[in-house]
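> Chain residues, written in single-letter form:
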Amino acid sequence: MSTAALKVALIGVNSPGYRSLALGFLRAHAQADPRLSDVGFQTLDLDTDADPWWIAWRVLALDPEVVALSVTCWNARIVYEVARIVRAAKPNASILLGGPEVGPIAEDVLRAHPNVDAVVRGEGEITFADLLVALKDGAEPADVPGVTARRDGGVASAPDRPLIEDLDNVPSPYLSGVLEPVDGSTYLETYRGCPHRCAYCFEGKGYGRLRRFSEARVAAEIDFVATSEGVRSFSFIDPVFNLTPKRLKWLAEHLEPYAASGIRLHTVEVDIESIDERSASELKRCGVASVETGPQTVGTRALQTCHRDFDRAAFAAGVAACRSQGIRVETDLIIGMPGDTAADVLSGIDFTISLDPGTVQLSTLHVLPGTELWNSAAELDLRFDPEPPHEVIATGEMDYLELRRLEVLGNAMVSVYAARVPHIGTGGALA
Amino acid sequence: MIGFATIEVGRGGLPSCRLCVPSVPMAPRSSADVVADVRRVAESWAAGPGPNIALVGGDAFAHPGLPSIVSQSVALGVERVRLQTSGAPLAAHGNALGALRAGVRHVDVVLLAGDSGNHDALCGTEQAFTAAVNGMAGWREASDEDRHPTVLTGTVPVCRHTLVHVPAAVAAFARAGAIAVHLAVSAHAAADPALSEWIGAGADTGVVNGIWVSVEGVRPGTVPSLHERSVYALLNST
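Chains as they are written, first to last, in the numbering used here: chain A, 1118 to 1548; chain B, 159 to 396.
In case anyone wonders, no lab produced these hints; they're calculated from the structure. Note that CB positions come from ideal geometry on N, CA and C, so glycine has one too. Watch out, some of these pointers could steer you wrong.
Okay, the calculated beta carbon distance ranges per label pair [unchecked claim]:
1) A:Pro1208 / B:Ser383: 25 to 35 angstroms
2) B:Gly379 / A:Ile1281: 29 to 39 angstroms
3) B:Ala342 / A:Asp1467: 15 to 25 angstroms
Covered by chain B, per the in silico footprint, the following chain A stretches (three or more residues, Cβ under 8 angstroms) [unchecked claim]:
4) 1335–1345
5) 1453–1467
6) 1470–1478
Throw the hints in and build the complete structure from the sequences for me.
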């Protein structure tokens, strides 16, 4: 029988094959908080292809007093359905949400979803722990900085919580034993924030500046993961793996012995335009098997609207440098960027295919809460689905019909590129 | 856009409207001539990712030297081999998997209509539609079995007799898992007063089923201009 004063279930509804690193951080920090020493935590990492009723069954089987769910645009509809079922089955359980889909629009979420009790806004570790303390002590959740919650029949938001100054104060999910390294689905975070300010992206989560984990912390995590039994590949979730030449050199020096023993890094995100022969060589020393990069669009107006730089020659040189080291390149393009015409999108597809990067990926714009596009959609004549995942419906340049035609055409072009017999030196992966 | 250098493997053997152009059996070119063309293309390739070849002119599976042509093409560095066929040979035991394992990644099937009654009547061959559908299913199954990315596309030769069958033919390709259909409109069909309705319906049938429809041989404005764009480019290799 459990002796916990409070039983907390953390629920990740992830893309198949992934686990929620965010929930790992939340739990590692909360478990280490002495105020919560009598709280029991359990994590369920489930897939987005699971039925919400089945997810609810798994949650309710834990008999939790608190159910915390991480929400993205991809799992939001499922999460709201799970919340509805869990609330009906266990009315006294507190249902808490956090994550990029709900944080920036917390009050709207609570008004639209009566089964949700509170939303953790922004960086979650300290806020979540304080919220659990408040729930345990019977205090008012809406008084916890960073929380939006119900109060007096309405919705109230406490002030924002300042960012964590020293990220090393957040325990590592891996080193603390919360997350076990698993081959292929282990991701490390070495800094928070993003050096770019792309109008469509929430990867920087509004943090505004970069904060880094110490080299000692990152090195300890790498050592632990790379020497874990059965782990032959892992990756980093950092928005830009090659953030600076100095940092890349440090990573290469630390990762090289593991790469030499066959450990590979899959799909790290890079600024491809800053990759030359030297940095491609450093990536290879790191054991990088594949990189993911833009350009997202090559249309001048969309680039300007979204505050993105694009240097055609440097991009091509970066792809070539990676390929010369046997590193696969996944280039990403987005259909429906404000300012882009159909010709711009097709030009982007033609450009990326012409580089023979290895993989070309197309996606349709999702106008995400908290992004500049979300906030200035009307001004940009950008129409999108208000329900998650907030797919674009029409832009000032393309109507709904043209967007859908472009999706079909673009995906067919990418399929034609992908269907090939790779020959050594052009399509081969790092052995 | 990916370019394919066209290399003729012969003439005939593909479905055609018997009311317009009587179909003829495949008359193959010599394998040596075909491979010589492949070698020339591979050695001088400068058209982006590739080299890529499209074996055209007739049903490639009716060429007795096809296995050798494909394997030599791959040995010469060809990355994408595209074949055109009636589809029926792909249903024969082992053909689809054999072609895939030899290096074929792109198959283009010719249909004249979207049901057996009309397709068979138009091409003059009983059970031709069923055989084509079974062949396309065989190609998809082989692709799934070997986990190779492959492409299935379709071609509809649009004459005044096949025009009314375009939407159903596109739907048949969509059901078979094709990613794109090319409508090659004849001059006679292009003058048909009902052209834009049938071609437009075919294009829309494609979009709602997630399959791209490109149109060749019509006046600008017949369909939204995006449909003038194919998912690949056939390049003259001579």
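> Please go over all the hints and tell whether each is borne out by the structure.
Structure-based check of each hint:
1. Roughly 57 angstroms separates the CB atoms of Pro1208 of chain A and Ser383 of chain B, a value that falls outside the hinted 25 to 35 angstroms.
2. For the pair Gly379 of chain B and Ile1281 of chain A, the supplied restraint of 29 to 39 angstroms is violated, since their beta-carbon distance comes to about 60 angstroms.
3. A C-beta distance of roughly 23 angstroms is found between Ala342 of chain B and Asp1467 of chain A, which places it inside the suggested range of 15 to 25 angstroms.
4. Coverage of a stretch by a chain is defined here by at least three residues with a beta carbon nearer than 8 angstroms to that chain's beta carbons; for the stretch 1335–1345 of chain A and chain B the count is 0, and the condition is violated.
5. For the stretch 1453–1467 of chain A, the proposed coverage by chain B is satisfied: 4 residues have a C-beta within less than 8 angstroms of a C-beta in that chain, meeting the threshold of three.
6. Taking a C-beta to C-beta cut-off of 8 angstroms, the stretch 1470–1478 of chain A contributes 3 residues in contact with chain B, enough for the three needed, and the coverage statement holds.
This entry does not satisfy hints 1, 2 and 4, going by the numbered hints stated previously.
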